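Student: The chain contents come next:
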Amino acid sequence: MSIPTELKYTPSHEWIRVEADGSITIGITQHAQELLGDMVYVEAPAVGRSLNAGEECAVVESVKAAADVYAPVSGTVTANNSELDSSPEAINSAPYDAWIFKMQPADASAVASLLDAAAYQAVVDSEAH
Amino acid sequence: MLIFERSHPSRRNAAQAPQAMAAVNIPAALLRKTAPLLPEASEMDVVRHYTNLSQKNFSIDTHFYPLGSCTMKYNPRACNTLAMLPNFLARHPLAPAHTGQGVLACLYDLQEILKEVTGMAGVSLMPMAGAQGEFAGIAMIQAYHASRGDTARTEIIVPDAAHGTNPATAVMCGYKVREIPTNADGDVDLDALRAAVGPQTAGLMLTNPSTLGVFETHIEDIKHIIHDAGGLLYYDGANLNAILGKVKPGDMGFDVIHSNLHKTFATPHGGGGPGAGAVGVAARLLPFLPLPVVAKLPSPTSGRGVGGEGAVEYRYLTEADLPLSIGHLSAFTGNIGVLLRAYIYAKMLGADGMHRVAEFATLNANYLMAELQKVGYRIAFPQRRASHEFIVSCKPLKDATGISAMDVAKRLLDKGYHPPTTYFPMLVPECLLIEPTETESKETLDAFVAAMKEIWDEAHATPDLVKGAPYSQPVRRLDDVKAARELDLTWKA
Numbered sequence: 006m007s008i009p010t011e012l013k014y015t016p017s018h019e020w021i022r023v024e025a026d027g028s029i030t031i032g033i034t035q036h037a038q039e040l041l042g043d044m045v046y047v048e049a050p051a052v053g054r055s056l057n058a059g060e061e062c063a064v065v066e067s068v069k070a071a072a073d074v075y076a077p078v079s080g081t082v083t084a085n086n087s088e089l090d091s092s093p094e095a096i097n098s099a100p101y102d103a104w105i106f107k108m109q110p111a112d113a114s115a116v117a118s119l120l121d122a123a124a125y126q127a128v129v130d131s132e133a134h
Numbered sequence: 247m248l249i250f251e252r253s254h255p256s257r258r259n260a261a262q263a264p265q266a267m268a269a270v271n272i273p274a275a276l277l278r279k280t281a282p283l284l285p286e287a288s289e290m291d292v293v294r295h296y297t298n299l300s301q302k303n304f305s306i307d308t309h310f311y312p313l314g315s316c317t318m319k320y321n322p323r324a325c326n327t328l329a330m331l332p333n334f335l336a337r338h339p340l341a342p343a344h345t346g347q348g349v350l351a352c353l354y355d356l357q358e359i360l361k362e363v364t365g366m367a368g369v370s371l372m373p374m375a376g377a378q379g380e381f382a383g384i385a386m387i388q389a390y391h392a393s394r395g396d397t398a399r400t401e402i403i404v405p406d407a408a409h410g411t412n413p414a415t416a417v418m419c420g421y422k423v424r425e426i427p428t429n430a431d432g433d434v435d436l437d438a439l440r441a442a443v444g445p446q447t448a449g450l451m452l453t454n455p456s457t458l459g460v461f462e463t464h465i466e467d468i469k470h471i472i473h474d475a476g477g478l479l480y481y482d483g484a485n486l487n488a489i490l491g492k493v494k495p496g497d498m499g500f501d502v503i504h505s506n507l508h509k510t511f512a513t514p515h516g517g518g519g520p521g522a523g524a525v526g527v528a529a530r531l532l533p534f535l536p537l538p539v540v541a542k543l544p545s546p547t548s549g550r551g552v553g554g555e556g557a558v559e560y561r562y563l564t565e566a567d568l569p570l571s572i573g574h575l576s577a578f579t580g581n582i583g584v585l586l587r588a589y590i591y592a593k594m595l596g597a598d599g600m601h602r603v604a605e606f607a608t609l610n611a612n613y614l615m616a617e618l619q620k621v622g623y624r625i626a627f628p629q630r631r632a633s634h635e636f637i638v639s640c641k642p643l644k645d646a647t648g649i650s651a652m653d654v655a656k657r658l659l660d661k662g663y664h665p666p667t668t669y670f671p672m673l674v675p676e677c678l679l680i681e682p683t684e685t686e687s688k689e690t691l692d693a694f695v696a697a698m699k700e701i702w703d704e705a706h707a708t709p710d711l712v713k714g715a716p717y718s719q720p721v722r723r724l725d726d727v728k729a730a731r732e733l734d735l736t737w738k739a
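As you go down the protein sequences, you meet chains F and H in turn.
First residue of the first sequence: 6, per the numbering used here; consecutive thereafter.
First residue of the second sequence: 247, per the numbering used here; consecutive thereafter.
The shape of chain F in the complex, shown without the other chains (with noise of 0.2 Å):
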């Protein structure tokens, strides 16, 4: 299972890239999407939406569901990846490149507070049936 050590993640699946200037990049980990299988629909939040921490703000929908992907933290919304509306198998292929939006915290220490690797490979492992 590959969950990058450089990454911060979320108990729903998102992973969570933070950027030199404060920002944060956002995607679904490797393990949501070998859950999920074939992607075939992505839906991101538009610029300049605000968005609670936990609130549900993009869909993924694949061959076998829809799922939604939630916000990691407070704040705005400030891009989202078009290309995966073209190739949304993107995600499937490299997870951890195929990023679907961008957000400015309202507050940096609670990114700080979110999961790292080895306590979203507990996570993973919690869920093993």
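Think of the hints as simulated: they come from the structure by calculation, not from any bench.
Computed from a predicted structure; not experimentally measured.
Beta-carbon label-pair distances, calculated as ranges:
#1 F:A127 to H:D431: 13 to 23 Å
#2 H:N303 to F:A127: 40 to 50 Å
#3 H:P285 to F:V64: 36 to 46 Å
#4 H:E700 to F:S55: 48 to 58 Å
#5 H:N303 to F:D130: 35 to 45 Å
#6 F:V64 to H:Q619: 32 to 42 Å
#7 H:P332 to F:E61: 49 to 59 Å
#8 F:E61 to H:Q262: 47 to 57 Å
#9 F:V64 to H:Y562: 40 to 50 Å
#10 H:D355 to F:A127: 48 to 58 Å
Even for Gly, the Cβ is constructed at its ideal location relative to N, Cα and C.
For chain F, the structure is supplied; the task is to place chain H on it using the hints.
Tutor: Same frame as chain F, but now just chain H:
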């Protein structure tokens, strides 16, 4: 091959054509100038075409069909025969009630049977499918809160194991959905539920037994948490087959329930309808039932009721009787043919038969679960007794051999079995949701286990064989991704 592709110019089906067209006054401007693009085929072409298509079907009449959560049980032919009696079929839905006392008596009796089975105070048969039953149920919860001026309740709580229709229903009714997790034993996470409820809680939608095939251990705690917060409890009756005659949702504390008559009460389904999603309610929701509801009047007013001495009369309740009703869900009186089949099935079973349905549905599921575990398949919740269905996770098989749940499902087609539900619920990776139903014999279950054993062995010895399946069907693997992304349902010449 489509019927359009069999079309031959000017070929006609003369024997079926109307002898004389009725004179109708359609303004010339509205008459079409060119003939509609319809296939031109002979009667025999049409018969062969559709007979050949029907023979490509997997159906409960031809194959074991353990499609989890769908309750694909056998529909007794008698239900069909009796519901097709000419006096039922020929009745016009707008005919006056006094000319249809027989059919109204059947509907009234069915309402009473469902009240008894579910433990609810009242039933309306009108919803025309499970999803419409859900909609009616949540609309009643909304009407109840509104009637009390309690307008701050904006959220419906839905466990993550729920059927996808549950959150969809809540959203259709204008609610915000709050999802709560499931614990390691497959029960609702009570701490998460306690944290989720509040003055914003309109209700909880719950399936019990759940989609994980287990009976909620803490159903009474769940009831108290929701009711103490002022919310109402909605029961998704998709899995009613497991508890028929054994436990009543009303006794568990549910305020409203929909029952898929087309599953539990053995009416045809799987072809996209028609269905019937009858709703039952606790006393406090009676004023909001969808119309019409059939009532029995102890003293006939018209003198044209049924029965000799002590005759009774049936009539439809309308807005005049139930002014707070959420209203009508269809133009007439639901899918009456489905309701009649369900009524006949319930009368054939009787109370004892309903107990046996639940007992054998549960026994068959637990037998199959134990046998598949012996083969080597991972059972998702081995610590729990299955209700009417259970989950196999093919994750260990996939890790060991590369064979996924989808590969197993496709290979089952070659072995002559309709596959179980795959990849639902999402909580369990690589899952098969298996529901044998009570109508299958031990021989059928054993043969299915043997087929699953063959696939297990093939997965280890010749995995490419399984990955290439199916080989015996009219088509090989379909391209799910292309179908979802480039949906094209229009035939072009």
